Amino acid sequence: MSRRLVFSLFFLSILVLSIGVSVVGAQDDVQLRWRTRPDNQAEIDLYQSISDSVDEGWDGVSLTYEPGGTEGAGYQATLLTEFGSNQAPDVFWIPGTDIATFAEAGAILNLADIAAAADFDVNAFYPQQVEQLTYNPETGENDALWGLPRDASAMVLYYNADLFDEAGIDYPDVQAENGEWDWEALAESSQAISDLGDDIYGFGMNGWWANWLLFINETGDRYFNEDQTGCGFTENSSQAISFLQDLYASESAVPFGSDAEPPFIAGNVGMFMNGRWATPNMIAQADFNWNVAEVPAGPEGPSNWLFWGAYVVNANTENPEAAFELVTRLTSNEVQSQVTALGANIPSRAGEETVNAFLGSLTDVKADLNNQAWISGLDYAVAEAPLWTANFQDIDAAVGALVGEAINGEVSAEEFPTQACELMAPFFEGA
Amino acid sequence: MSTSSEVAVVSGLRDEQTPAPLFAVIGWQVLLGLGCLYAAWQVLQIERIFNLGNFVQIFVALLLGFLGIASFASAVMLYQRNGNGRLIAMGLDAVTAIVFVFYALQIMGVFLGIDQLAEGIYRNIGWVWGIAIGYVVMMVGRRFPENSRPAFYIERLGIGIILLSIMAILLVPVWDPSNPLSGLLLTGLGSFISNLFRGDVLLTLLIAVVAGGAAYYLLRLSVYFNESISDRETWQGWLFLMPNFINFVLFFAGPLLLSFYLSFTDYNPAQQNPANFVGLNNYVEMLSVSLGRLESPEQSPTEVLATNHTEVNRFTIGDATYVIGARDQLFWRSLFNTIYYCLWLLILSIFPALGLAMLLNSKIPGMQFFRAIFFIPSVAAVVGVALIWQWLYDPTIGYINYTITQLANFFGFTDPNIQWLTDDSILMFSVVIMAAWQVVGFNTVIFLAGLQGIPKDVMEAAYVDGADGWTRFRTMLLPLLAPTTFFVTVTTLIAGLQAFSEPYALIRDNNPTLAKYTSVYYLYNKGFQSFQMGYSSAVAWAVFVLIFIITMVQFRLSNSNKAYTD
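As given, the protein sequences belong to chains A and B, one line each in that order.
The first sequence begins at 3 in this note's numbering and counts up one residue at a time.
The second sequence begins at 4 in this note's numbering and counts up one residue at a time.
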């Protein structure tokens, strides 16, 4: 009887509360919901505190931060579902490559007029990002503004200094300083480290597009042609595929397609190519001496990726001006410096203040961390670009598989550009 | 035709004049009908319903129009003292009341408020320990003899702690620590009351009350409408069925029909413009295949295939090499991968499960423990399991390759150095091994139940008749287990055809290979990565048709063997 009473009271309370608290926060303020994709709980906590502090210092506006995604549904799946029911947040983050898809669907606002009215200067961000974010497919000019970049990232080579010492070769950053850090040096270093043992690999990278495409970029080719109407691979790309074929055929690299991060963290791989987002995990888990260096230069010199994502404004927001204001606040120097301190991101503002904040980040836990490698990489980086003329995901699924076959030697390096372009053609024609 | 006993229920008001309130109800039904027709007209006038397209708009308008006409008809029939009119009106009014109550809760923000409730409890989470402590205290009290003083006092102490903890969760300030009135209960009640008196909420609730009142009034007029017992049982049956029926319509049949409709559109959830009806285009693109003969194996397949078709596979007959192409090669590849996955899953999850079940059916001490152990993978989360298997499969630091290497060194054979998750020829098999490991425990339990249902005397009779173990297994056990085997086969096959989380969690983006795609993984990518939800729906229906056909064939085969029905 008593148990029944307790549970009855409990469920009654739940019922009352579910009704009662429903409207907590229903005030006269402008209500804005915003969302970004965090990588871990520390980032969730940080973004929440940023939201709280922005909210506190902004009269007449009330913010709700949503981390987005659950265990059962990814960030994008949740966002799309909410769009389907007209419940998407006012401001949200999307990857840079998705800008075209959202903009063409009319899901996000062109903020150019609002930014002009607010006298906002977008040139504080990296120019490569601004070029992509301001492209207007209707005019072919850079007169739009689809959002502001949340952050940036670039590729580096994480290297296991202990393995380099054991192999008796210079660290990659030393080789870079000597002007010797190119593909040949990478292959030689990889082989020398791989020779240390059967379970040791010299090099590893993951299989998604930015990894293999970086080598193609270093031959002067690009994924797509300049006006994005077709394939960008020429016979130059064969050099990159040929180099990768040799590298993987020598068995000095972690097999292409497998996740190279766990064996690197286990101390079995000499060099691992990845972005800034991998650094916190590396600091937490790697129990050997390691550091980072710029990626080696190819036949046409060095290249890199400027990864980015942007805060954009929902086209259905009831408060576009306030939403844009929120975007500017979320990309301010102060906020970017706070996010940078966590170590997973590079600020998208290229000013001295944020760059210095980045250069000092994580040095309290790893004093010799070569943060300069990322900043140097950004100087010659190519921004990942939204594809306005076809569906990038579809193309990448088809071409990515071909790249895997080519690197594993099932398709010759010479045939690769032709076959890749044949694969891409229907996607552009059908778009 | 009602029986005399049924008629006995309906005496009394039969010859009375039409009761005055019934005229009000009739008026209400007319009003409701007009409201439905007006709503239907408005639905047709609004620019769009989300971005689902005109078809959905017309369907909703027709539905509302139908309900409006039904309401008019019920009014006429009520006036004519027709029992069917009463049932129709009762149904419409009950549904109207329910819909408007939910709508009132929605515009008050109640459903969104559940999130805030959770957040509020989370902020006061420390007090939840009080509930646990109170429960432990209560349990301690129950260890004492019943009706004893210690039991009485300790049990009530526990209840008191629980109640105090609940009160603390509700009353301790949540949103603003400096404001003593910002606890969950007071803030919630304050907001609730302030919202309750909003004009739109009051109007919505008024309609709900009127509709509910009309339904209740009609409910009481059973005698006036000569309701028989069978009539009463009918509508009561429908009433009991209604929660499940609403659930079925809203969360099963509705989405199913919507996805069928969307498969004929170019629906993109993010798009602002309504989806366009594209007829069979999605299906044509998905199923379009072509065949070409290559002059030489080196010739480019695009030269011999239809425009925009890419190679799916090639084969050789005599000296001629043929190439199969498709407009959507990924669909066909994913379909092939799915079938491959299913076949291996059946083999690797049914035979071991049968063997395990026979082992676990023996009366050996500790067998309950092993039954639980084997079942654990079935209840483990796929993502967690996949992380473990990623590690096991790792070619460099994984235990599986390490073990093979040790065995190779010991027995002197060449280490195959299997690339479990990167070699296209073995990748899907690696996924199957993980999936079978998860499924085999569940299948074992089903087989175990089947084995325990087999009469012992039958098996003993066979033993007495001199049948050896293999003969008993082949001629007695297997036929008697046929219904169980059929069930296990069907459920495993359907699960296999719907495989998504296993390859998704195990492989994901590290490997760009096409060998990782099952049909459902592919449709997920199409829908949620490429935003092509219309096309994705078409793929979903193609998978459904495949599952349906395979299951039908299985049922037919099963019926012809008299396995399932016997």
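I should point out that these hints are in silico values taken from the structure, not numbers from a laboratory.
For clarity, every value in this text was computed on a predicted model and none was experimentally measured.
Be careful, since some hints might not be right.
[Stated by the list, open to error] Simulated DEER-style distance windows between Cβ atoms:
#1 B:A375 - A:I285: 46 to 56 Å
#2 B:R559 - A:D200: 52 to 62 Å
#3 A:T83 - B:F243: 43 to 53 Å
#4 B:R559 - A:G269: 52 to 62 Å
[What the hints assert, rightly or not] Residues of chain A placed beyond 12 Å of chain B at every Cβ, according to the derived structure:
#5 Q78
#6 E143
#7 E323
#8 R331
[What the hints assert, rightly or not] Where chain B lies over chain A, by a calculated footprint (3+ residues, C-beta under 8 Å):
#9 249–262
#10 362–370
The C-beta atom is built at its ideal place from N, Cα and C for all residues, glycine as well.
A quick look at each hint next to the structure:
1. B:A375 - A:I285: 46 to 56 Å: 40 Å, violated
2. B:R559 - A:D200: 52 to 62 Å: 55 Å, holds
3. A:T83 - B:F243: 43 to 53 Å: The hint (43 to 53 Å, Cβ to Cβ) is violated, given that A:T83 and B:F243 are roughly 33 Å apart.
4. B:R559 - A:G269: 52 to 62 Å: 58 Å, holds
5. Q78: Non-interface label on A:Q78 violated, nearest chain B Cβ at 6 Å vs cutoff 12 Å.
6. E143: 23 Å, holds
7. E323: 20 Å, holds
8. R331: 22 Å, holds
9. 249–262: With 6 residues in contact (Cβ-Cβ under 8 Å with chain B), the coverage given for the region 249–262 of chain A holds.
10. 362–370: violated (count 0)
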